[in-house]
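Asks: Each chain, written out:
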Amino acid sequence: MTVNVMNSKEVTKKVFNKEELFILDVRNESDFQDWKIEGENFAYFNIPYFELLDGVEGIMDKIPSDKEVLVVCAKEGSSIMVAEMLSDEGLTVSYLEGGMKAWSEHLEPVKVGDLKDGGEIYQFVRIGKGCLSYMVVSNGDAAIIDASRITDIYLEFADSIGAKITHVFDTHLHADHISGGRSIAEKTNASYWLPPKDATEVTFAYKPLEDGNLVEIGNVKINIHALYSPGHTIGSTSFIVDEKFLLSGDILFIDSIGRPDLAGLAQDWVGDLRESLYKRYRELSEELVVLPAHFMIIEELNEDGSVSEKLGTLYAKNHGLNIEDENEFRKLVTENLPPQPNAYQEIRETNMGKINPDEEKQREMEIGPNRCAVR
Amino acid sequence: MEANKVLDAKGLACPMPIVKTKKAMNELESGQVLEIHATDKGAKNDLAAWAKSGGHELIQHEVENDVLKFWIKKG
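Protein chains in written order, with the working numbering: chain U, 62 to 436; chain R, 18 to 92.
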């Protein structure tokens, strides 16, 4: 039988379409427990490749013959070895091209809406890590918000739709992923905007992003309106695009809310977080479409793979927005928090420009899920 | 640390460091120590988990100029 190769884009399509897939993950158990490919109709079996060096006979009864089988490892080498062994036993299987490393770096652009005077807004779904970034396009100009370090994707996408990147924003100093914002701005001569309260230690020049700033994209004047909304970090800023979309950064997600502890100041910032979610956002139109910087679980994806919901719906359904008692809220966001993202301190320092790890090191720092939320 | 055998797995990508380690281990007697040099960063977690599941003991590991070094005592 033959060994096929499946790439991250094809697996993403199966996630979006809720297709079935059997994943044989041959990484070691702790890596699998920590982070895996998530799909609503995916089934899993984990056995480390080094348990299979003498043959796969022992696991043949675990592999279904009526489902598509994908063998996955960290970088692809071991999955090819195991896939070939399964093939020798008569199974037709695929391996994941580039392994979890490629999965972590795959970005899928999804159009989330049209702007009223022409133009579009795209969401870049980093499916393996749950990070979301955005491109607002109008009349040949583009703005990028919360870019990942895989900068080529944005540059190539902008090129493909004939847009020039003129503004690059980060809603806050990220702790879970390395920002590509500065690099994109340097390559395109665009302005790089950061909230100054998050940028007190950065080692490079930036444009200070203040509450009420209005940035226009394209000559049809698409508004990007900055709204100060601290709590995840002291500088966290949201954007209202075209009076229709609320880019909420790491403050508000679909089924969870931001955590205030990643810069080490949970107790100090919990009041800010509450004020942002329970007062500042409350004053906004319930018709705004919330576009967050993360998703946590695959169930948060819409039918088309995008992640968005009306603000009014979130006020009705998101548990984190419906805690009357302030003490209870304080407890939720400061106690029993999920583990912090891998290498989050080093990631913050990289985003400040204090350290410059090479690409291999950056990959390693970003491994695993994002863990920026509390539910 | 004294080793009975040294395995150079530098420059090899996963799964080769473990494939070679397993072969080298087969040639040792119980209680003898294998020293492994590798550059694949994934080798660290995998060798530790492999040693454990095979009943061997990872006695020591260190990093020297981007080379990961491991000492595993055969079980």
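Each hint should be verified, as a subset may be incorrect.
DSS-like, lysine-lysine: derived pairs with alpha carbons at most 25 Å apart [what the hints assert, rightly or not]: (1) R:37 <-> R:61; (2) U:136 <-> R:58; (3) R:61 <-> R:40; (4) R:22 <-> R:58; (5) U:97 <-> U:123; (6) R:40 <-> U:136; (7) U:422 <-> U:70; (8) R:58 <-> U:422; (9) U:422 <-> R:22; (10) R:69 <-> U:136; (11) R:61 <-> U:97; (12) U:177 <-> U:128; (13) U:392 <-> U:415; (14) U:162 <-> R:37; (15) U:136 <-> R:37; (16) R:58 <-> U:415; (17) U:97 <-> R:22; (18) U:97 <-> R:58; (19) U:258 <-> U:79; (20) R:86 <-> R:27; (21) U:162 <-> U:97; (22) R:69 <-> U:123; (23) R:69 <-> R:39; (24) R:86 <-> U:162; (25) U:136 <-> R:39; (26) U:422 <-> R:40; (27) U:177 <-> U:162; (28) U:136 <-> U:172; (29) R:86 <-> U:136; (30) R:90 <-> U:162; (31) R:58 <-> U:162; (32) R:61 <-> U:136; (33) U:162 <-> R:61; (34) U:136 <-> U:70.
For the record, the hints were derived by calculation from the structure and aren't laboratory data.
Asks: Against each hint, give a clear statement of whether it holds in the structure.
Replies: Do the hints match the structure? See the list:
For the suggested pair residue 37 of chain R and residue 61 of chain R, the alpha carbons sit about 15 Å apart, so the restraint of at most 25 Å is met. Annotation: proposed proximity of residue 136 of chain U to residue 58 of chain R holds, straight-line Cα distance about 11 Å (limit 25 Å). Restraint check: the Cα-Cα separation between residue 61 of chain R and residue 40 of chain R comes to about 18 Å, which is no more than 25 Å; the hinted pair holds. Distance restraint check for residue 22 of chain R and residue 58 of chain R: the Cα-Cα separation of roughly 22 Å lies within the 25 Å cut-off, and the hinted pair is therefore satisfied.
In summary, the hint linking residue 97 of chain U to residue 123 of chain U is supported, as the alpha carbons are separated by about 18 Å, within the 25 Å threshold. For the hint linking residue 40 of chain R to residue 136 of chain U, the alpha-carbon distance of about 22 Å falls within 25 Å, and the restraint holds. Only pairs whose Cα atoms come within 25 Å are accepted, and residue 422 of chain U paired with residue 70 of chain U is accepted, the gap being roughly 24 Å. Annotation: proposed proximity of residue 58 of chain R to residue 422 of chain U holds, straight-line Cα distance about 10 Å (limit 25 Å).
Of the supplied pair hints, the one linking residue 422 of chain U and residue 22 of chain R is violated, its CA atoms being roughly 31 Å apart against a limit of 25 Å. The hinted pair formed by residue 69 of chain R and residue 136 of chain U meets the criterion: a straight-line CA distance of about 22 Å does not exceed 25 Å. Distance restraint check for residue 61 of chain R and residue 97 of chain U: the Cα-Cα separation of roughly 19 Å lies within the 25 Å cut-off, and the hinted pair is therefore satisfied. For the suggested pair residue 177 of chain U and residue 128 of chain U, the alpha carbons sit about 45 Å apart, so the restraint of at most 25 Å is broken.
Taking the CA atoms of residue 392 of chain U and residue 415 of chain U, the gap is about 33 Å. The hint is violated against a cut of 25 Å. For the hint pairing residue 162 of chain U with residue 37 of chain R, the CA-to-CA distance comes to about 23 Å; that is within 25 Å, so the pair holds. Between residue 136 of chain U and residue 37 of chain R the CA atoms are separated by roughly 18 Å; this keeps the pair inside 25 Å, and the hint holds. With a C-alpha separation of about 24 Å, the suggested pair residue 58 of chain R and residue 415 of chain U falls inside the 25 Å cut-off, and the hint holds.
Distance check on the hinted pair: residue 97 of chain U and residue 22 of chain R sit about 36 Å apart at the alpha-carbon level, beyond 25 Å; violated. A hinted pair counts as satisfied when its Cα atoms are at most 25 Å apart, and residue 97 of chain U with residue 58 of chain R qualifies at roughly 19 Å. In summary, the hint linking residue 258 of chain U to residue 79 of chain U is not supported, as the alpha carbons are separated by about 41 Å, beyond the 25 Å threshold. Pair hint residue 86 of chain R plus residue 27 of chain R holds up; C-alpha atoms about 10 Å apart against a cutoff of 25 Å.
With a C-alpha separation of about 11 Å, the suggested pair residue 162 of chain U and residue 97 of chain U falls inside the 25 Å cut-off, and the hint holds. Proximity of residue 69 of chain R to residue 123 of chain U is assessed by CA-CA distance (about 23 Å); at most 25 Å being required, the pair is judged to hold. For the hint pairing residue 69 of chain R with residue 39 of chain R, the CA-to-CA distance comes to about 13 Å; that is within 25 Å, so the pair holds. Pair hint residue 86 of chain R plus residue 162 of chain U holds up; C-alpha atoms about 24 Å apart against a cutoff of 25 Å.
A distance of roughly 20 Å separates the Cα atoms of residue 136 of chain U and residue 39 of chain R; the hinted pair therefore holds under the 25 Å criterion. A threshold of 25 Å between alpha carbons decides the hint, and for residue 422 of chain U with residue 40 of chain R the separation of about 30 Å lies outside it, so the pair is violated. Restraint check: the Cα-Cα separation between residue 177 of chain U and residue 162 of chain U comes to about 39 Å, which exceeds 25 Å; the hinted pair is violated. The suggested pairing of residue 136 of chain U with residue 172 of chain U is violated, with an alpha-carbon distance near 30 Å, which exceeds 25 Å.
For the suggested pair residue 86 of chain R and residue 136 of chain U, the alpha carbons sit about 21 Å apart, so the restraint of at most 25 Å is met. For the given pair, residue 90 of chain R sits about 31 Å from residue 162 of chain U by alpha-carbon distance, which is inconsistent with the 25 Å threshold. Only pairs whose Cα atoms come within 25 Å are accepted, and residue 58 of chain R paired with residue 162 of chain U is accepted, the gap being roughly 13 Å. The straight-line distance between the Cα atoms of residue 61 of chain R and residue 136 of chain U is roughly 14 Å, inside the 25 Å bound, and the hint therefore holds.
The suggested pairing of residue 162 of chain U with residue 61 of chain R holds, with an alpha-carbon distance near 17 Å, which does not exceed 25 Å. With a CA separation close to 16 Å, the supplied pair residue 136 of chain U and residue 70 of chain U stays within the 25 Å bound.
Hint violations for this structure: numbers 9, 12, 13, 17, 19, 26, 27, 28, 30, all remaining hints satisfied.
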